[in-house]
Every structure is written in structure tokens, then in C-alpha cells.
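Here the protein sequences come in this chain order: A and B.
When the letters of the first sequence are read in order and numbered with this note's numbering, they come out as residues 501 to 615.
When the letters of the second sequence are read in order and numbered with this note's numbering, they come out as residues 14 to 125.
FYI, nobody ran anything at the bench for these hints, they're computed from the structure.
Bear in mind that the values here come from a model prediction, so they are computed numbers and not experimental data.
Every residue, glycine too, gets a C-beta built ideally from N, C-alpha and C.
Check each hint, because a few of them may be wrong.
Partial chain A-side listing against chain B, Cβ under 8 Å, derived [to be verified]:
hint: 1; residue: Gly528
hint: 2; residue: Gly540
hint: 3; residue: Pro543
hint: 4; residue: Leu612
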Amino acid sequence: EAGVVQSPRYKIIEKKQPVAFWCNPISGHNTLYWYLQNLGQGPELLIRYENEEAVDDSQLPKDRFSAERLKGVDSTLKIQPAELGDSAVYLCASSSSGSGGNTQYFGPGTRLTVL
Amino acid sequence: KNQVEQSPQSLIILEGKNCTLQCNYTVSPFSNLRWYKQDTGRGPVSLTIMTFSENTKSNGRYTATLDADTKQSSLHITASQLSDSASYICGGASGGSYIPTFGRGTSLIVHP
Chain A
501 EAGVVQSPRY
511 KIIEKKQPVA
521 FWCNPISGHN
531 TLYWYLQNLG
541 QGPELLIRYE
551 NEEAVDDSQL
561 PKDRFSAERL
571 KGVDSTLKIQ
581 PAELGDSAVY
591 LCASSSSGSG
601 GNTQYFGPGT
611 RLTVL
Chain B
14 KNQVEQSPQS
24 LIILEGKNCT
34 LQCNYTVSPF
44 SNLRWYKQDT
54 GRGPVSLTIM
64 TFSENTKSNG
74 RYTATLDADT
84 KQSSLHITAS
94 QLSDSASYIC
104 GGASGGSYIP
114 TFGRGTSLIV
124 HP
């Protein structure tokens, strides 16, 4: 079974430029998450989707960040414009819907460097 | 606010030795406690998930314990291998959510 796929794996951009990350979750997983992970820190939730609906986006900086999951499968996270402080690893995860003990499966992440 | 604190921040051990990592959590109301292993350049991989009623759970050479009274968890690694070198992250989830608040992780280095 294929795991969570993310692309690109690495991205280097100059500040004020736009950037987009793509995620394809495990087949059949209704729940998709985007996390941000700074060096030496644990992941922090940005947004959670149940199918195509964003059910928890309270930590998403909506002035510059946006996300979509149009058909309830793959998802895109965008930053426009990027700032120096956005340099981090952006992780995508998925899980099957159901009880609170569901395992989250993480992708390899996209490492963003903003110059 | 939910909080998770891990110790030590980093640990170096020799191959074949055992070690124990600690996690203190303030998660209310408590739902579950998770341990993840994160290799460099990879996403976290789930090791164990424990609910309030579970006080120990094993996954191969990894054994997690949970003390709901003291709000502490530990991850014990037996007979360490070089491949155990990674960051180990603890996460506590509240209510009926399966979205954990993560700690900063413990960086483990296993030397030959």
C-alpha cells in the first residue's frame, strides 16, 4: 500500500514569492492534515479536512496561507507571499475516519527555505 | 492549554543498551497518548497509541507506559540498534480528538 505522497520534497524561494505544496493521502483515508514543523520542534497543526470540508483551521495564518481539498482526495497548501519565518518542513498526514484512536500516517514532508 | 514536555532533549547510548524516554503531559480531558519515531528527513511514524485504560503497550523492542494519575508516559527501548537513532516524539490528544499536541521530541543517537 502506498503511503502519503508529498511534492516537492524541497523548495527554495525568495521572500514575497508564492509557493504551493501538494499531498496525496493514503487511499480511502477521509481525514487529511497539514502540519508545520520547525527544526527541533514537534509538528503543529495548520488545518484538518474531513473529506473536502476544513473542520479545524484555527491555526492557519489566513492572511497568507490557504488550502484546498476540492474532491476530498488530494490537497494543496499555498503560501502567498512567503516570509523568511515560513522556512520549515510542511508535513501532510492522513487517517481513516472513526474513533479518536485512529493512527495518523505522515508523508515525508516538504522542506521550504525562504531566502 | 494542552502541553507536552519531553526529556531528555537528547540522549547518546551504545548499541545493545536499553534506554527510557520521558513525557509529561497536560491534556484535558485526556483522550490518548501517542509515541512517534521520526527519522531525519522523514515524517513521524506511529509506534504506540494508549488510551486512559491502558498502562502499557509494546511494539517490538519499544514499550510505552502510561500513568494517568501523574500524567506521565515513558518509552522504553530494549537492546538498542543503530537504526533506532532518530527523534522520538510524544503527543497527547484531548477529548474525542485524535489530533495530538506534540512535544519537542528526544533526539536519540545510538553509537556502535
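Next item on the list: Please write out, lowest number first, the hints stated earlier that are contradicted by the structure.
Entry: Violated hints (numbers, rising): 1, 4; every other hint is consistent with the structure.
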